[in-house]
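*Asks:* Sequence:
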Amino acid sequence: PLLRSWGVEAPENHVIVTEIQTDDGGAGHGFSWTPTIGPQAVRALLDHDIAPFITGLPANPETVWDALWKRLHEAGGGGLTTIAMAGVDLALWDLQARRAQTSVTGLLGQRQESAEVYGSGVNLHYTLEELVAQTERWVAAGHRAVKIKVGKPDIREDAERVAAVRSVLGPDRKLMIDANQRW
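Under the numbering used here, the first residue of the sequence shown carries the number 1, and numbering increases by one thereafter.
What the hints contain is simulated information worked out from the structure, not anything from laboratory work. These numbers come from a predicted model, not from an experiment. All residues carry an ideal CB built from backbone N, CA and C; glycine is no exception. Careful: at least some of the hints might be erroneous.
[What the hints assert, rightly or not] FRET-style restraints, in silico, Cβ to Cβ: (1) V139 with D49: 40 to 50 Å; (2) A133 with L107: 21 to 31 Å; (3) Q21 with A67: 12 to 22 Å; (4) K152 with D23: 51 to 61 Å; (5) K152 with D66: 36 to 46 Å; (6) D23 with T127: 52 to 62 Å; (7) D66 with D23: 15 to 25 Å; (8) D154 with E62: 37 to 47 Å; (9) A133 with D24: 45 to 55 Å; (10) P35 with K152: 17 to 27 Å; (11) N60 with E129: 44 to 54 Å.
All chains should be built: construct the whole structure from the sequences, respecting the hints.
*Replies:* See below:
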């Protein structure tokens with residue numbers, strides 16, 4: 001269970017751990033997640049369909065992704081299929097990075113040493129007062145940018161929430177909004 005749920009729509013999240021092991025003793029780990037429902041279905045897809053299919057394939061992310069996509073896309077081009085594939089993909093990239101004795105970002109050609117962190121929360125279910133308080137905490141922590149959720153049934157409520165957060169942030173901080181496919 002989450003310390004504080006995302007509201008009645010998502011009282012919990014599930015993390016699915018994927019481990020790839022090679023014949024030469026190598027191992028890579030990947031993670032994917034489901035909001036509220038579906039972890040058993042993802043696990044079943046991994047255990048009964050994906051693992052037997054990829055056994056014996058080269059431990060190459062591109063090769064495995066392409067082969068899995070060809071095999072699984074008829075079952076669905078998103079949702080459980082891609083959640084399961086994501087864990088495998090991340091595990092294969094992790095395996096390659098470990099073999100190269102670098103990070104996945106190093107393997108992919110990291111171009112910068114740091115990135116600015118921003119305040120972000122799954123806060124659509126917060127009251128206006130809770131959202132403002134959260135934003136004030138982010139500002140106090142020194143964040144130069146924040147991201148909030150929008151997508152209320154009444155867009156005027158979203159506009160009110162955005163305006164309230166903007167008033168806390170002032171004009172010099174960045175404000176990002178995320179509708180999560182609600183509009």
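*Asks:* Give a verdict on every hint.
*Replies:* Hint by hint, here is what the structure shows:
The hinted range of 40 to 50 Å is satisfied by V139 and D49, whose Cβ atoms lie roughly 47 Å apart. Our hint of 21 to 31 Å for A133 and L107 is violated, since their Cβ atoms are close to 40 Å apart. Evaluation of the 12 to 22 Å hint for Q21 and A67 yields a pass: the beta carbon distance comes to about 18 Å. Separated by about 53 Å at the C-beta atoms, K152 and D23 satisfy the suggested range of 51 to 61 Å.
In this structure the supplied range 36 to 46 Å holds for K152 paired with D66, their Cβ-Cβ distance being about 40 Å. The hinted window of 52 to 62 Å between D23 and T127 holds, with their beta carbons roughly 55 Å apart. Judged by the Cβ atoms, the range 15 to 25 Å given for D66 and D23 holds: they are separated by roughly 21 Å. Take D154 and E62: their Cβ atoms lie about 45 Å apart, and the range 37 to 47 Å holds.
At roughly 53 Å, the beta-carbon separation of A133 and D24 lies within the given 45 to 55 Å, and the hint holds. Judged by the Cβ atoms, the range 17 to 27 Å given for P35 and K152 holds: they are separated by roughly 18 Å. A beta carbon spacing of about 51 Å between N60 and E129 agrees with the range 44 to 54 Å that was offered as a hint.
Consistency with the previously given hints fails for number 2 only.
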